[in-house]
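Undergrad: Residues per chain, in single letters:
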Amino acid sequence: MAFQLKVNGQAHAVDAADDTPLLWVLRENLGLTGTKFGCGIAQCGACTVFLDGKPLRSCSLPVAAVGGAEITTIEGISGRESEAVQRAWVARDVPQCGYCQSGQVMSAVALLKAIRKPSDRDIDRAMNGNLCRCATYVRIRAAIHDAARALEG
Amino acid sequence: MRGRWSRTAAATLALGVACAMLPVLEDTKGQQALPSVVAANALRPVTAFAVIADDRARAIALFQEAGKVIAHPRCMNCHPAGDSPTQTERMQPHLPLVVRGADGHGAPGMMCATCHHAANYDIPGCPDTRIGISRRSRWDGRGARCRRSVSRSRIARATAAATWLPWFSIWPRIRSSAGRGRRRRPRARAGYAGGVRRAGAGLGRRRRRLPAAVRPRWKNRGETSMTAFWPRSSPDASCPDTGRSSGPTNRSRSPPAARR
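Chains Z and L, in that order, are what the protein sequence lines are. Reminder that position 152 of the first sequence reads as 152 in our numbering, one-by-one numbering, no gaps. The number in our numbering is simply the position in the second sequence, starting from 1, with 153 added.
Just so you know, the hints here were simulated from the structure itself, not pulled from any lab data. All figures in this text were calculated on a predicted structure; none of them were measured in a lab. Don't take each hint at face value.
[Unchecked claim] Where chain L lies over chain Z, by a calculated footprint (3+ residues, C-beta under 8 Å):
1) 54 to 61
2) 139 to 152
[Claimed, not checked] Simulated DEER-style distance windows between Cβ atoms:
3) Z:G153 / L:D256: 29 to 39 Å
4) L:C279 / Z:D15: 22 to 32 Å
5) L:P198 / Z:A17: 31 to 41 Å
6) Z:R116 / L:V199: 50 to 60 Å
7) Z:K54 / L:E242: 48 to 58 Å
8) Z:A135 / L:T200: 52 to 62 Å
9) Z:D124 / L:D207: 52 to 62 Å
10) Z:A2 / L:D208: 57 to 67 Å
[Stated by the list, open to error] For the chain Z half of the interface with chain L, some residues (derived, Cβ under 10 Å), not all of them:
11) L30
12) G79
13) A114
14) I123
Glycine is no exception: its CB is placed at the ideal position from the N, C-alpha and C atoms.
Given these sequences and hints, build the entire structure.
TA: What follows is the structure, encoded as structure tokens:
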């Protein structure tokens with residue numbers, strides 16, 4: 001079945017089965033492989049994308065349910081928050097193996113858009129759905145604080 | 154924490170049994186009988202209660218019928234008394250941790266709608282998924298109170314249950330999350346994933362069967378758990394995601410020339 005998707009500001013025509021998860025449409029049909037497959041059951045957060053600006057686990061949403069919503073992937077995020085997060089991630093050398101980091105960055109950007117100066121508790125609550133097998137959680141939290149400080153200045 | 158969940162589960166079970174039994178008890182008191190054989194999860198329509206002439210008895214029966222839904226884990230999971238929902242029919246703590254948040258939709262960055270979408274897909278969902286926030290909608294732990302209110306003949310409250318029944322009659326719309334959805338894999342890589350599983354299983358069997366005496370020889374073949382997974386026919390294939398080399402088969406197992 002044919003679908004029209006708006007991904008990272010561009011319109012794409014996609015031919016996929018109704019129940020194909022959005023994740024696989026992004027990765028296999030559109031070649032946007034920055035969004036990762038981790039668990040397939042919305043438990044790890046590696047597949048996080050923005051749907052109309054809100055974070056969403058793309059492994060659990062069928063492409064037929066997307067409709068005309070604007071999808072933003074790790075390849076397409078922009079704005080002050082994402083720039084601050086990317087700089088903080090590099091400065092803190094956050095990634096280890098890096099597999100989960102696109103999801104971590106997406107969730108961190110979503111958090112900073114909602115709370116400009118998050119506390120440790122806010123970060124823990126917002127990020128606990130993003131798992132990291134390398135246990136980079138301490139650096140992630142520090143980098144989010146760094147990004148928040150950068151946004152203040 | 155575990156004790157709290159155990160008590161909650163026990164209370165739920167007790168209420169469920171009570172709800173199932175009480176209509177029978179009412180029948181034994183000489184009230185007009187309802188159809189007694191009903192499937193465990195089936196709800197009687199409101200019209201089925203018309204056979205009860207006494208208003209008070211009918212109100213109580215309606216309330217008890219509604220209690221089947223109110224006390225069911227599939228509903229109580231999202232109507233907790235605390236700040237975090239539960240999941241599965243065993244009412245386990247929700248993973249990952251989700252909190253009620255300011256408006257019941259979760260914490261910023263980790264909203265209910267991040268994983269639960271507008272309909273039941275692999276993961277249960279409904280429009281505007283959120284944790285029951287109003288005092289009235291916090292059902293967990295309130296079953297005993299509701300039963301007490303009935304026993305105190307608060308008929309008006311019990312009668313109100315009749316207005317809920319049409320909504321409750323569609324309660325199966327909240328899908329059970331017992332299975333936590335399906336793990337979907339890309340079609341293009343389904344065979345790859347199966348191959349990894351088979352390779353892992355084969356490796357495990359072979360490892361178990363190997364006697365200790367030959368184990369060093371097996372190790373000298375250089376097969377680690379990872380090298381067994383990678384296709385030897387195309388050692389130079391690159392990973393499409395990262396552009397990196399395809400894995401340990403590309404690595405020279407000999408020491409670097411400088412160290413020789």
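Undergrad: Need the list of violated hint numbers for this structure, in ascending order.
TA: Numbers 2, 7, 11, 12 - these are the hints that the structure violates, sorted from lowest upward.
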